[in-house]
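Starting from the structure of chain A, add chain B where the hints point.
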Amino acid sequence: MYFQLAWRNIWRNPRRTTVITTAVIIGVWSMILLGALMQGIAGEMVRNGIATLTGDIQVHHKGYRSDPVIENSITDSQVVETALGTILPPGALWAPRVRVNAIASNARHSSGVTLVGIDPGREATVSFIGKAIAQGRYLTLDDTYGAVVGKALTDKFETRLGHKLVLMSEDAGGEIASRAFRIVGVFRAEMKATEKQFLFVTMPAAQQMLKLKKAISEVSIILPGEQQADEVAAALQNALPSTEYEVQTWQELLPFVTAVLKMYDGFIFLWFLVTFIAMGFGIVNTLLMAVFERIREFGLLKALGMKPWWIVKEVLAESFFLLILGMAIGNSLGFLSVFALSVNGIDLSSLSAGLEFAGMPRVIYPILQGKDVIMANLVVFILGLLVSAYPAVKAARFTPVEAMAHT
Amino acid sequence: MSIVECTDIKKTYHQGRVEVPALNGVSLSIEKGGFVAIAGPSGSGKTTMLNIIGGLDLPDSGRAVVDGNALEEMSRSDLANLRLQKIGFVFQAYNLIPVLSALENVEFVMLLQGVAAAERHERAKEILDEVGLEGTYDRRPAELSGGQQQRVAVARAIVSNPSIVLADEPTANLDSKNGKGLLEMMKEMNEKKKVTFIFSTHDPMVMEYARRLIYLRDGLVADDQVKER
Numbered sequence: 001m002y003f004q005l006a007w008r009n010i011w012r013n014p015r016r017t018t019v020i021t022t023a024v025i026i027g028v029w030s031m032i033l034l035g036a037l038m039q040g041i042a043g044e045m046v047r048n049g050i051a052t053l054t055g056d057i058q059v060h061h062k063g064y065r066s067d068p069v070i071e072n073s074i075t076d077s078q079v080v081e082t083a084l085g086t087i088l089p090p091g092a093l094w095a096p097r098v099r100v101n102a103i104a105s106n107a108r109h110s111s112g113v114t115l116v117g118i119d120p121g122r123e124a125t126v127s128f129i130g131k132a133i134a135q136g137r138y139l140t141l142d143d144t145y146g147a148v149v150g151k152a153l154t155d156k157f158e159t160r161l162g163h164k165l166v167l168m169s170e171d172a173g174g175e176i177a178s179r180a181f182r183i184v185g186v187f188r189a190e191m192k193a194t195e196k197q198f199l200f201v202t203m204p205a206a207q208q209m210l211k212l213k214k215a216i217s218e219v220s221i222i223l224p225g226e227q228q229a230d231e232v233a234a235a236l237q238n239a240l241p242s243t244e245y246e247v248q249t250w251q252e253l254l255p256f257v258t259a260v261l262k263m264y265d266g267f268i269f270l271w272f273l274v275t276f277i278a279m280g281f282g283i284v285n286t287l288l289m290a291v292f293e294r295i296r297e298f299g300l301l302k303a304l305g306m307k308p309w310w311i312v313k314e315v316l317a318e319s320f321f322l323l324i325l326g327m328a329i330g331n332s333l334g335f336l337s338v339f340a341l342s343v344n345g346i347d348l349s350s351l352s353a354g355l356e357f358a359g360m361p362r363v364i365y366p367i368l369q370g371k372d373v374i375m376a377n378l379v380v381f382i383l384g385l386l387v388s389a390y391p392a393v394k395a396a397r398f399t400p401v402e403a404m405a406h407t
Numbered sequence: 408m409s410i411v412e413c414t415d416i417k418k419t420y421h422q423g424r425v426e427v428p429a430l431n432g433v434s435l436s437i438e439k440g441g442f443v444a445i446a447g448p449s450g451s452g453k454t455t456m457l458n459i460i461g462g463l464d465l466p467d468s469g470r471a472v473v474d475g476n477a478l479e480e481m482s483r484s485d486l487a488n489l490r491l492q493k494i495g496f497v498f499q500a501y502n503l504i505p506v507l508s509a510l511e512n513v514e515f516v517m518l519l520q521g522v523a524a525a526e527r528h529e530r531a532k533e534i535l536d537e538v539g540l541e542g543t544y545d546r547r548p549a550e551l552s553g554g555q556q557q558r559v560a561v562a563r564a565i566v567s568n569p570s571i572v573l574a575d576e577p578t579a580n581l582d583s584k585n586g587k588g589l590l591e592m593m594k595e596m597n598e599k600k601k602v603t604f605i606f607s608t609h610d611p612m613v614m615e616y617a618r619r620l621i622y623l624r625d626g627l628v629a630d631d632q633v634k635e636r
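Chains as they are written, first to last, in my numbering: chain A, 1 to 407; chain B, 408 to 636.
If we strip away everything but chain A, and leave its shape as in the complex, we get (with noise of 0.2 Å):
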C-alpha cells in the first residue's frame, strides 16, 4: 500500500506535480537530446577524419608521422601485406599508398597540395574517394596521367574538367620530380579544406615520378564493425619490426579529433550535472512542501505505529513516482526528437565556415547512444532519490505530539 499511498498522495496537489514533473521531462529530454547531438557531431568528426585517408589504422616507416618526407618511405611493402595476411580480423580492408607533399599549378595559380597515389580499387574501399566523384570519372590503374582533384582546388585554379595541372615535389634521388597530369574527376567532400588539400593520382603514377620504385608512404586500415583499433594495432605492431615500422591507431592520427571528442564527453557531463542540479532543488523543494503540509498526518501515521523508516519509504515512493513519470515522459520525447533530427538532420550549413574550422559537420544527425540514455537516468533516478532522502528523513522525525498539535 506504500505504492498506492504514495501515487495518491502525489496527486493532492495536481498542479504542484505537474511543475515538477514538467521540470524532471525538460531534464531528461534535454539531457538525451543534447547528449544525441554532441554524439552525432562527435561520431560525423571521427567518421569524416577516418574517411578522409585517415583509416582506422595505419602503417609507416618509422620517422614518417614526425618527418614524412621520401626518404621515410616504406620500401619492402611485402613485409608490411604479409603482416596484415596474418594479424588482421576478417573483413578488415587495407590500401597501399605514396603520400607526398607537392606543388600543383597551372597557368593562373600554384598552391601546395598533398599528391596521393593510390590503388583505385582498394582505395575505394577504405577512403570516401571512391565515392565522392562529382564530376568526371574515378580513377582506374591504368591511368598514367590521370588526377581527381577537389572541386574547391579547381575553382581555386580556376579550372576544370580535362585540363591539365602540373605537379612538383622531390623525388627519391633527391631531385625535383614534375609531371602533368589531366583532371579526369573532380571530387566533393564534407570539408571545403580537403577539396583543396588533396590530389589523387595512381600508385604506378607517383612512384614512377617520384622514382620510388615499389616504395609506398603508408598502409590504410579500416577494421570491421566495432573492432577496436587499439588492439589490432598492438598486435600489428609486435608483428612488425618496431625499428622500422610503426603503427598508429585514428586516435593517434588525429589528435584534434580525440581532444575535442574528450572536451564534448565533459560538456554532457557538465550539462547533465547543471540540468540535475536545477531539477535537485525543484525535487527538494516540491517534496518539502508536500511534507510540511502533511505534518499532522505523519503525526497520525506513527501515533498508530509506523515506523520511522516506514515514513521515509513512504516519502521516497513519492519521489520515486514523481521521477518515473518525467522520466517515461523525457525519455519518450528525448528519443522521438531524436527521431525527428535523424531525417534531415540539423543543417548548419550557414556556418559552414566555422564549423570547417572546427571539423565540425555541416549537417549534424542525432545518435542515441545507449550508454548516454543510461547515464540521463541514472543520474535523475538515483541522485534524485538520495536528495529526496532529506524530506523524507525529516517527514520521519516529527513526533507525534508535535505533528498533531501542528495547525
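Hints in this document: simulated from the structure, not taken from any laboratory. Even for Gly, the Cβ is constructed at its ideal location relative to N, Cα and C. Be a bit skeptical, because a hint or two may be false.
To be verified - Chain A is faced by these chain B residues, among others (derived, beta-carbon under 8 Å):
{"#": "1", "residue": "463"}
{"#": "2", "residue": "484"}
{"#": "3", "residue": "506"}
{"#": "4", "residue": "518"}
For chain B alone, coordinates are given in the frame of chain A:
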C-alpha cells in the same frame, strides 16, 4: 487486573524559556474493560496523560505500565510496536488519511501489522458494518460527514483488537446527536469486546457515559469516582 498503572507521573513542557508543568505527580490505575473518562479544564493535563498512556510521549519521571509494558524502559521502536499491536487511537480531529477510502483507512493498521490482504479486507468490512457504515467502504473522508468520519476512526481503532482505545475529545467536533451515537457505539464495543476505553474530555455527555470519572486539576488527580451501574 490493571491494564494501566501510572505511578507519580510528572511531565513539564518547555516553550522557549517558559516551563509549563502539565502533570505534577499523577498516580492512577485502570482496570481491564474499563470505560473511563479523564476530565478536567483546559490545561489540566488530560491530553498529556492520554499521550503518556498511549506511548506517544514519555514522562519526565514516574512510571507508566500499560498492559504489562513499562513504557520508560522501551525504545521508540518498541513504543511504536506497542501502539500498533495494543493501542487504538481516536482523535478529536478524526485524523483519517485523506487519500484512502473508509475501508482502506480501517485496513491501514492491519496492513502495518502484516495481516494478509483478504483477511484485512474482510475484517475491515465487518467492523464498518458494525459501526453503521455499511455501503460507505469506497468513500474518501472528504465524502463523509463528521459523524461518519469519527465512526471510521473508531472502526480503525478497534479493528486490530487492541487492549486499549484512547479517545482524545472524540465528540468535540460532533453535534450532540452524532456524539451520542458515537458514545453508544463505543459503549457497546466496550461491553461486547471488553476493550478498555479511556477518554480525555470536557464534554459532559462523555462524562455521563463513563463508568469511572477521573478528574484532573493543575496536573494532579482532584477526584476519582466510580459510578454505580
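The hints, checked one at a time:
1. Given the 8 Å rule on beta carbons, the hint for residue 463(B) holds: about 5 Å separates it from the nearest Cβ of chain A.
2. Proximity of residue 484(B) to chain A holds as hinted, the smallest CB-CB distance being about 6 Å (cut-off 8 Å).
3. At a threshold of 8 Å, the smallest CB-CB gap from residue 506(B) to chain A is about 4 Å, leaving the interface hint in force.
4. Given hint, residue 518(B) at the interface with chain A, holds; its Cβ is 5 Å from that chain's nearest Cβ, closer than 8 Å.
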